[in-house]
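S.K.: Chain by chain, the residues:
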Amino acid sequence: MAEPLLQIEGLSKRFGGIIASNNVSLDIATGELHAIIGPNGAGKTTLIAQLTGELTPNAGHVRFGGVDITQTPPFRRSLLGLARSFQITSVFPDLTVLDNVALAVQAHAGHSFRFWRKARRDTALREPARAALARVGLIGRDEAIVGTMSHGEHRQLEIAMALATRPRMLLLDEPMAGMGPDESARLVTTLRELKKDYTILLVEHDMDAVFALADRISVLVYGRVIATGLPDEIRNNAEVKQAYLGDETRVSHA
Amino acid sequence: MTVALTPRNIVVTLTVIGLASVPLYAAWVGNNFVMILVTRILILAIAAVSLNLIMGYGGMVSFGHAAFLGIGGYVVGILAYEGIPSGFIQWPLAIIICGIVALIIGMLSLRTRGVYFIMITLAFAQMIYYVGSSLSRYGADDGLTIYRRSQFAGLLNLSSKVVFYYVCLALLALTILLVWRIVNSRFGMAIRGARSNERRMRAIGFPTFRYRLVCFVIAGMICGLAGALLANHTEFISPAAMHWTRSGDLIIMVVLGGMGSLFGPVIGALVLLVLEEALSGLTEYWQIILGPLLLAIVLYARGGINGLLVGQRHG
Numbered sequence: 001m002a003e004p005l006l007q008i009e010g011l012s013k014r015f016g017g018i019i020a021s022n023n024v025s026l027d028i029a030t031g032e033l034h035a036i037i038g039p040n041g042a043g044k045t046t047l048i049a050q051l052t053g054e055l056t057p058n059a060g061h062v063r064f065g066g067v068d069i070t071q072t073p074p075f076r077r078s079l080l081g082l083a084r085s086f087q088i089t090s091v092f093p094d095l096t097v098l099d100n101v102a103l104a105v106q107a108h109a110g111h112s113f114r115f116w117r118k119a120r121r122d123t124a125l126r127e128p129a130r131a132a133l134a135r136v137g138l139i140g141r142d143e144a145i146v147g148t149m150s151h152g153e154h155r156q157l158e159i160a161m162a163l164a165t166r167p168r169m170l171l172l173d174e175p176m177a178g179m180g181p182d183e184s185a186r187l188v189t190t191l192r193e194l195k196k197d198y199t200i201l202l203v204e205h206d207m208d209a210v211f212a213l214a215d216r217i218s219v220l221v222y223g224r225v226i227a228t229g230l231p232d233e234i235r236n237n238a239e240v241k242q243a244y245l246g247d248e249t250r251v252s253h254a
Numbered sequence: 255m256t257v258a259l260t261p262r263n264i265v266v267t268l269t270v271i272g273l274a275s276v277p278l279y280a281a282w283v284g285n286n287f288v289m290i291l292v293t294r295i296l297i298l299a300i301a302a303v304s305l306n307l308i309m310g311y312g313g314m315v316s317f318g319h320a321a322f323l324g325i326g327g328y329v330v331g332i333l334a335y336e337g338i339p340s341g342f343i344q345w346p347l348a349i350i351i352c353g354i355v356a357l358i359i360g361m362l363s364l365r366t367r368g369v370y371f372i373m374i375t376l377a378f379a380q381m382i383y384y385v386g387s388s389l390s391r392y393g394a395d396d397g398l399t400i401y402r403r404s405q406f407a408g409l410l411n412l413s414s415k416v417v418f419y420y421v422c423l424a425l426l427a428l429t430i431l432l433v434w435r436i437v438n439s440r441f442g443m444a445i446r447g448a449r450s451n452e453r454r455m456r457a458i459g460f461p462t463f464r465y466r467l468v469c470f471v472i473a474g475m476i477c478g479l480a481g482a483l484l485a486n487h488t489e490f491i492s493p494a495a496m497h498w499t500r501s502g503d504l505i506i507m508v509v510l511g512g513m514g515s516l517f518g519p520v521i522g523a524l525v526l527l528v529l530e531e532a533l534s535g536l537t538e539y540w541q542i543i544l545g546p547l548l549l550a551i552v553l554y555a556r557g558g559i560n561g562l563l564v565g566q567r568h569g
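Chains as they are written, first to last, in this note's numbering: chain A, 1 to 254; chain B, 255 to 569.
So here's chain B without its partners, still in its complex pose (with noise of 0.2 Å):
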């Protein structure tokens, strides 16, 4: 098959080379400050991938997704602050109880549709924030921080800034190949056609229930391991890193750069963060300025940013 010369494709690709060379770049003008930035935005970016799966693809628009970037989070913290640095115990406990909160929620609020799946991810969401607020023993609204980076052995120094940051480039890369061939496996369709139009799903004999929540479950595992590298970047944890409004910036990424697009959402994570960092040293009301940019874009790009770059919307 051979790749076309689509503005996209060039922007696909240019992105993948300046995204490979931001440690290059660091090393050259000695300075970390873009490259720590752009480890924020890979990670966050793994975070979008997820909830566009479950939100482009499936339709459905949880507003409780940053939930599972706190659990991952916790997860990792906990460990260590309990003495168990080891990042080969850490990320997998942390994608699998992700995957079991994935599991009660899904069961729950997949039984619902459209505002009250919303509400109810979202009430989900909320009761986990003040779940981590009431850990008293790991600082409770003050967070815990994280004094070592999660441990592999000696076969990776996640303290080296530069080794985490390819870590993150590379589970990035992995996951937006794993869904790719989700979407476009047959799970991905009948997951797409549950989204299109679930009436006929049914009546055309797919049990749409099951295959939508193990969707929402695979989501939920994804964006606990953003979670757990989200702790590591931070070297901290607290209960406003799953506080409703990230939910709501995940949820801008995906429609900024383009829902049910593959990689919409990590254009979305780039844009909305550099936009953040560079408009809020313009000014302290920098959201002013993001608001009407949203805005601009719900109204007149229906398919985001990537969706002006294929001229179209893509499915």
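The following block holds chain A by itself, in its conformation from the complex (with noise of 0.2 Å):
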């Protein structure tokens, strides 16, 4: 097998007496859409932070392509190719759809130390923009002011933006947060479209979407995995039954 994209060793991050991450590791390979699931106060977040150079784990590694990350700040690693979306929406509102998804685009574009030119008239932005657009279905609105729209499409928004610096992997933080049923259902669609394309990492509460999209999923509880398998091998993990999924049927945390 392929060297993996994505390489977590022994990684370990306390607060305190709280110890949210404890020695996580995981390999995701390339291509993979890997889910991580689990209760709230998991450590999700806290993993995910570590892996976007947002926190600075107490112990442990994190590669990327074979390079060591650990230490490398949150910017470096997008331009490395390490992108991601937000659990809480995060992105530009007093400026429009397409000058956000530009602004990703730029970052990627070299230096931006360019005073004179106008980057609103830069087709090197602004097309490339209006493609990540299209792939996640935000077309005709990109002259609305982000802060006006809705919270779905605040979310497609999320993820052409991570689309746009043309990553090589994709940390998606609960894309589906706060989505009702059909604009779920939608992204169901378009992660599978992208899944095509991209090696992807997938912190998810909505059950049904994880077990539709992923290949392979890893449980984690107290900053703990306690298991990483097959979707199927999961579902029939007596740990995982007993610690997460308990004695009902469904769960669903969203």
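There may be inaccurate statements among the hints.
The calculated label-pair distances, taken between Cβ atoms and stated as ranges, are [what the hints assert, rightly or not]:
1) B:373 to A:212: 48 to 56 Å
2) A:116 to B:272: 23 to 31 Å
3) B:541 to A:12: 55 to 63 Å
Simulated from the structure, these hints should not be mistaken for laboratory data. Think of the CB as a built atom: it goes at the ideal place given N, C-alpha and C, for glycine as much as any other residue.
Dock chain one against chain two, each of which comes alone in its own frame, and use the hints as you go.
M.R.: Following this line, the structure appears as structure tokens:
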């Protein structure tokens, strides 16, 4: 098997007495859609923050494409091809939709010490931005001010911005959070398309979406990975059932 | 591209025509009072436009911007005192030294955010203020009289109030053009993005610190030029030019006129200085009238006076 694209080795993060990540190790292969599930407070967001560089782990290593990025700042990880979406929508509310995505394109189009030419007339930025918007199905909203859009559209925009950075891998932190069933279903379709082209790490509460999309699933409980496997293995894993799914047949935290 | 006949464009056009004809008016009435007042407005408008670049577009609320007015002024004053009256040396040096000082202040203060940034820029400005007060060779607290305005080898005679007026007007126009191009360039989009959501900017791959720092330096340099003009205008420079209340005045101009709009700071400078002139003729306590007026603008017109003219907040 080829070297995994993302390697997480013995990652630990403590906040005072709380261990948010406890010796987490995961390998994510190129082309894989790997989902991470776990109850609230399991440390999923902490793990993502260490992968994006917003938090530095107390121990362990993160390797991306064979390069150790444990100490690499967030902007450089993005430049290496590791893109993310945020659990709580994080966009530029006072700019237009196209501006938002064009900024993501611009970040990867060399330095921005260009003071004279108008960025909004720059087709080298606008065209790839439009393509990314089309990819997530956000069409005809180019000039809308982001702050005035619906929650579902914000979630689509999040992903379009990640795509616009031409990443090798997507870290999607609960992309379905707060979405209605129709919107979720549409996003599942989008993600199924994206899966063909990108390696994806998906953190998600929506079990239907996870089991529909994931190649492999890891279950995180109290900061520890208690199981990693194919969807069927996870569904039938006794420890997972006990720790996470509990006695109820369906659990939804969304 | 056609220019729409919006209230704002009408006001801007009338303002430009009005500003260009101020010296004609002065010659007609045979009194320079208005022209001297408007010269001061033009110079402080340059400073306000530069503050708006970092504050309105970049979200960096500096409470020490007047320091660059003072430094620019002192460069002119000290060089004139030491027998170097050439504007070709004075003005570029004022700009360069302000750039270096802005680089140092920016490198330290841009690591902080919000109120801390306001306080640290204020602290730096106060330090520079006290440096000015301790320059005993150059008048210390009493300031330094400048006996000769900057010399431009016979090309420009700044001793002529009319020539100086048009130089200030041209430099204001140039500053507005420069800021307009900057804020709409790739650099400008990076700056606006960093104001809007810095965490997101880093996540999509922007090293935001270096862009914010360069923006801070550019604003400092433009304000340094305004300082050089101000020293020539008053033919005097003293630490009072960089007192924190001067920095406050610049902030008021930007907020009053409209943060993050191209012409807002110019309108703000105009309105503030004209009000100051008119109200201080009425009463010694003119700030009692100015205060509530400013409150009303902040509370009811978030885009400032420019926002009222446009009818919405102008990006």
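S.K.: Each hint should be assessed against the structure and marked as holding or not.
M.R.: Here is what the structure says about each hint:
| no. | hint | verdict |
| --- | --- | --- |
| 1 | B:373 to A:212: 48 to 56 Å | holds (52 Å) |
| 2 | A:116 to B:272: 23 to 31 Å | holds (29 Å) |
| 3 | B:541 to A:12: 55 to 63 Å | holds (59 Å) |
Going down the numbered hints, you'll see the structure goes against none, and every one checks out.
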